[in-house]
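Number of protein chains: 2
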Amino acid sequence: MKTRVDAALLNVLARAQDGAPPRLAGALHYAVFPGGARIRPRLCLAVAEACGGDAPALADAVACGLELLHCASLVHDDLPCFDDADLRRGKPSVHRVYGEALAVLVGDGLIVLAFETLARAGVVAPERCVALTATLARAVGATQGLVAGQAWESEPHVPLEQYHRAKTGSLFTAATMAGAMAAGRDPIPWRAMGERLGEAYQVADDLLDALALPDEAGKPTSQDAIRARPNAVATFGVLGAVARLRELVAQAADAVPECPGKGPLRELVLQMAERLVPASLKQSAA
Amino acid sequence: MKTRVDAALLNVLARAQDGAPPRLAGALHYAVFPGGARIRPRLCLAVAEACGGDAPALADAVACGLELLHCASLVHDDLPCFDDADLRRGKPSVHRVYGEALAVLVGDGLIVLAFETLARAGVVAPERCVALTATLARAVGATQGLVAGQAWESEPHVPLEQYHRAKTGSLFTAATMAGAMAAGRDPIPWRAMGERLGEAYQVADDLLDALALPDEAGKPTSQDAIRARPNAVATFGVLGAVARLRELVAQAADAVPECPGKGPLRELVLQMAERLVPASLKQSAA
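Sequences listed follow chains C and D, in order.
Counting in the working numbering, the first sequence runs from 1 upward without gaps.
Counting in the working numbering, the second sequence runs from 1 upward without gaps.
Check before you lean on any hint, since a few could be wrong.
Just so you have them, the derived chain D footprint on chain C, three or more residues with Cβ under 8 Å [as the list claims (entries may be wrong)]: (1) 113-125; (2) 145-151.
Which residues of chain C face chain D? A partial, calculated answer using Cβ under 7 Å [unchecked claim]: (3) 16; (4) 19; (5) 20; (6) 76; (7) 101; (8) 104; (9) 105; (10) 108; (11) 109; (12) 129; (13) 133; (14) 134; (15) 137; (16) 140; (17) 141; (18) 155.
Label-pair restraints from in silico Cβ distances [to be verified]: (19) C:36 with D:155: 27 to 35 Å; (20) C:158 with D:90: 28 to 36 Å; (21) D:11 with C:186: 23 to 31 Å.
Note that these hints are calculated values from the structure, not bench results.
Built from N, CA and C at the ideal position, the CB exists for glycine as well.
Modelling step: build the complete structure from the supplied sequences, incorporating the hints.
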């Protein structure tokens, strides 16, 4: 599934880079490759397949869109005016290599490319495409999406649940719902599964950060403590957070709706989610 | 037409602000209101009307999309890592009032909102909506759109024509083509008109900058000279640039394709474009 995601992303990027200003073209590629676990697009494709997968090109496009939007948010979040991060996915962040101006433009360009990719693939199923565009936009938008999540960090009072739902949950929920939509299914029953996985991922990210495992995280750690941001480890303790993670994963697996590929999808969710537990913690806390 | 654009934008903004982080909501509104001449969305609506205007809600949505994308580009272009501009549309730039972090997020949020607005309106005409989404995305994208235009400024060698076409022309061409598409017409015949108007607008902007008319420009001037950027005044001289502007406007009017409202649209183009000539220059050079 990761191979399918990377192949689709490579196609999309190649077309975007063709004729683009050369440094920007290089920076776009750098921001997307090599990727992390590609967990959101894999989740989206797995749901689309479990739903019958009658429009694989559209599913590929929306999966790419999710990953491009995710990458865009990483590039912008790393900027000096936000986290000022030197490291991302184990290598220097985009602005450290290409400068701030190109990092801003890479983020902008990836957001636009996500919607363009979807529109290009949508000609064969325009109604699904329009609904998918709205779903992706809401997941990253200023009201309840990634942009809102990041902006809550600039507010004096942060509604915690709303903040996490916007910053992390929104793209996971969009991944499961969009997977179903790409296959022509009603997305509503798929929301709960995405929500639980988003929460699980948030707890996993908090663990990586709190345990200061920069090699596993591929980015600076201890940021929550430094920036006094709320996190699951502060709330539940390390072992409590691991237990909470496993509980959320089990809930996500139980939330898989009826569909032709329900059994295999359940298995995949459990496998993907188990990988969220930091390796060092599996040894010490298993 | 400006009233119609502002009313539609106000609706779109109100929905986006509802539930958004309060400072971000304020910054989004600040970035869009009060606007400039709203020339791109007005052009788009005028073309849609001239083509029969059978889907006014879709035309409103795409007009809003064009203006939101334009506003997003202004907010990001003003950032310290680009032009570091204190002033925009006669008031302090977004990052001067709300800080860099929110300015980055406002730009991101407006880009997303443009595509969300289009998708919301597109349910009634999904095929047109998908084509419009692709057109808007290309107009602002990293290959040939606004993002490419801005990125060319970071390159050691700048292909001038390509740079101007990406940075200014692309949204004008998208405005005329999208107006036709919103009304269900073939967009290709509408390209030339948009191209000429985009070039005319570029010359007008160069004049405002070179003549150092910050009151008319509503932003810092003499930037081309300071940054040694190419511009029409350096190439043609002031009077030569005014003559070139009028020539391009005449060509744009002549390029209006056959359509039910051809006559009135021609008139409107001439009127809108005449306002591009700086007022002080009309007195001294008329």
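Can you list which hints this structure breaks, lowest number first? none
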